[in-house]
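Use the sequences and the hints to build the structure in full.
Position one of the sequence shown corresponds to residue 66 (our numbering), numbered consecutively onward.
A hint or two may mislead.
Pairs of lysine-lysine residues, derived as PhoX-like cross-links and limited to a Cα-Cα distance of at most 20 Å, are as follows [claimed, not checked]:
#1 Lys208 / Lys310
#2 Lys334 / Lys208
#3 Lys129 / Lys76
#4 Lys129 / Lys100
#5 Lys298 / Lys261
#6 Lys256 / Lys245
#7 Lys310 / Lys211
#8 Lys97 / Lys129
#9 Lys298 / Lys245
#10 Lys188 / Lys118
#11 Lys129 / Lys73
#12 Lys256 / Lys298
#13 Lys118 / Lys97
#14 Lys100 / Lys76
#15 Lys275 / Lys310
#16 Lys256 / Lys275
#17 Lys275 / Lys298
#18 Lys245 / Lys275
#19 Lys76 / Lys97
#20 Lys118 / Lys100
#21 Lys261 / Lys310
#22 Lys73 / Lys97
In short, the hints are calculated from the structure, not lab data.
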Amino acid sequence: LRESPEGKIGKHRFFDPTTQERVYSSEKTTPKELKGQPLLGTSQGWVACLENKDFTVHLTDLYKPWVSSSPRVISLPSIGFKPSTHATEMSLSSSDPVQDDFIVAAKFSEYQLSVCRPRWDSKWTHIDTPFSLLPPSDLMYSKRDKAFYFTSFKGLYMGYLDLSENELEFQELILRNQPKIPEAGWEMLDKCFMRKLLVESPSGELFFIKWYTLCIRREDEDGESIIMHSITKRFMVFREDEKRKDFCYTEDIGDLCIFLGDSEAFCVKASMYPGLKPN
Numbered sequence: 066l067r068e069s070p071e072g073k074i075g076k077h078r079f080f081d082p083t084t085q086e087r088v089y090s091s092e093k094t095t096p097k098e099l100k101g102q103p104l105l106g107t108s109q110g111w112v113a114c115l116e117n118k119d120f121t122v123h124l125t126d127l128y129k130p131w132v133s134s135s136p137r138v139i140s141l142p143s144i145g146f147k148p149s150t151h152a153t154e155m156s157l158s159s160s161d162p163v164q165d166d167f168i169v170a171a172k173f174s175e176y177q178l179s180v181c182r183p184r185w186d187s188k189w190t191h192i193d194t195p196f197s198l199l200p201p202s203d204l205m206y207s208k209r210d211k212a213f214y215f216t217s218f219k220g221l222y223m224g225y226l227d228l229s230e231n232e233l234e235f236q237e238l239i240l241r242n243q244p245k246i247p248e249a250g251w252e253m254l255d256k257c258f259m260r261k262l263l264v265e266s267p268s269g270e271l272f273f274i275k276w277y278t279l280c281i282r283r284e285d286e287d288g289e290s291i292i293m294h295s296i297t298k299r300f301m302v303f304r305e306d307e308k309r310k311d312f313c314y315t316e317d318i319g320d321l322c323i324f325l326g327d328s329e330a331f332c333v334k335a336s337m338y339p340g341l342k343p344n
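See the structure below:
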């Protein structure tokens, strides 16, 4: 790393799923306006950062591996308040933020969804969830339905953001053909933290995923502090049945590869990327 008049210059480390190796990008300059800004979320290759003084949101493609040494920074309106949740999230309707119909949906507080159309809006629209027991979790954009989806905190409902009216609608998540797991296996899963995610395939299939992780606590060599990390114990994947309006458990998703992490989940066709193995 080194400093320059434009900002800090450095390389980013990435994991290449086609080779299962860590690789480094070419040198890139982190713009000065992003220095020290907390990350709000990532979607479609873009990262959202928050200006701590006036709460302006910045989008940058700094972390795209193929982006040139001078990444783009796009400023969105101020959200008007400091996010009240540490679990902020963001979803974009497109990877091209200069499109007229480009829309950003985000979660800045526990019981709200926020929407902004950068080409048309001078401020964010904050939409309250109608039920305190249904805080939105894990946003995603459906290209098939041209809508944002999310799950409720406990995964019992799926939410839908009607962009024409800026209203939220909910439907019960019905899961069929649950996997056959021994009682001891269910007891272990009950001890895990479960994330509930929705992801859409390139062909428009919708999947609901349960991701179980277990928190591990370990003492350091001095036996003083506790080191915590989580390990994945199990995934459960349910495929949407459009006719029945429910989701059915599956262990075969075909020629697809689903990527999960702290950012918005996404799905690609494995055969389109040499070396990538389907899930």
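Hints, verified against the model:
The hinted pair formed by Lys208 and Lys310 meets the criterion: a straight-line CA distance of about 18 Å does not exceed 20 Å. Proximity of Lys334 to Lys208 is assessed by CA-CA distance (about 16 Å); at most 20 Å being required, the pair is judged to hold. The hinted pair formed by Lys129 and Lys76 meets the criterion: a straight-line CA distance of about 12 Å does not exceed 20 Å. For the suggested pair Lys129 and Lys100, the alpha carbons sit about 18 Å apart, so the restraint of at most 20 Å is met.
The suggested pairing of Lys298 with Lys261 holds, with an alpha-carbon distance near 14 Å, which does not exceed 20 Å. A threshold of 20 Å between alpha carbons decides the hint, and for Lys256 with Lys245 the separation of about 18 Å falls inside it, so the pair holds. Only pairs whose Cα atoms come within 20 Å are accepted, and Lys310 paired with Lys211 is accepted, the gap being roughly 18 Å. A distance of roughly 18 Å separates the Cα atoms of Lys97 and Lys129; the hinted pair therefore holds under the 20 Å criterion.
Simply put, Lys298 and Lys245 have alpha-carbon atoms about 16 Å apart, close enough for the 20 Å limit, and the pair holds. Restraint check: the Cα-Cα separation between Lys188 and Lys118 comes to about 17 Å, which is no more than 20 Å; the hinted pair holds. Proposed proximity of Lys129 and Lys73 is supported: the alpha carbons are some 17 Å apart, at most 20 Å. With a C-alpha separation of about 10 Å, the suggested pairing of Lys256 with Lys298 holds against the 20 Å cut-off.
Under the criterion of a C-alpha separation no larger than 20 Å, the hint pairing Lys118 with Lys97 is consistent with the structure, at around 15 Å. With a C-alpha separation of about 16 Å, the suggested pair Lys100 and Lys76 falls inside the 20 Å cut-off, and the hint holds. A C-alpha spacing of about 18 Å is found between Lys275 and Lys310, which places the hinted pair at or below 20 Å, so the restraint holds. Taking the CA atoms of Lys256 and Lys275, the gap is near 14 Å; set against the 20 Å cutoff, the hint holds.
The suggested pairing of Lys275 with Lys298 holds, with an alpha-carbon distance near 11 Å, which does not exceed 20 Å. For the proposed pair Lys245 and Lys275, the alpha carbon gap of about 15 Å is at most 20 Å, so the pair holds. Our distance criterion of 20 Å between C-alpha atoms is met by Lys76 and Lys97, whose separation comes to about 16 Å. Proximity of Lys118 to Lys100 is assessed by CA-CA distance (about 13 Å); at most 20 Å being required, the pair is judged to hold.
Simply put, Lys261 and Lys310 have alpha-carbon atoms about 18 Å apart, close enough for the 20 Å limit, and the pair holds. Only pairs whose Cα atoms come within 20 Å are accepted, and Lys73 paired with Lys97 is accepted, the gap being roughly 7 Å.
In the structure shown, no violation is registered for any of the earlier numbered hints.
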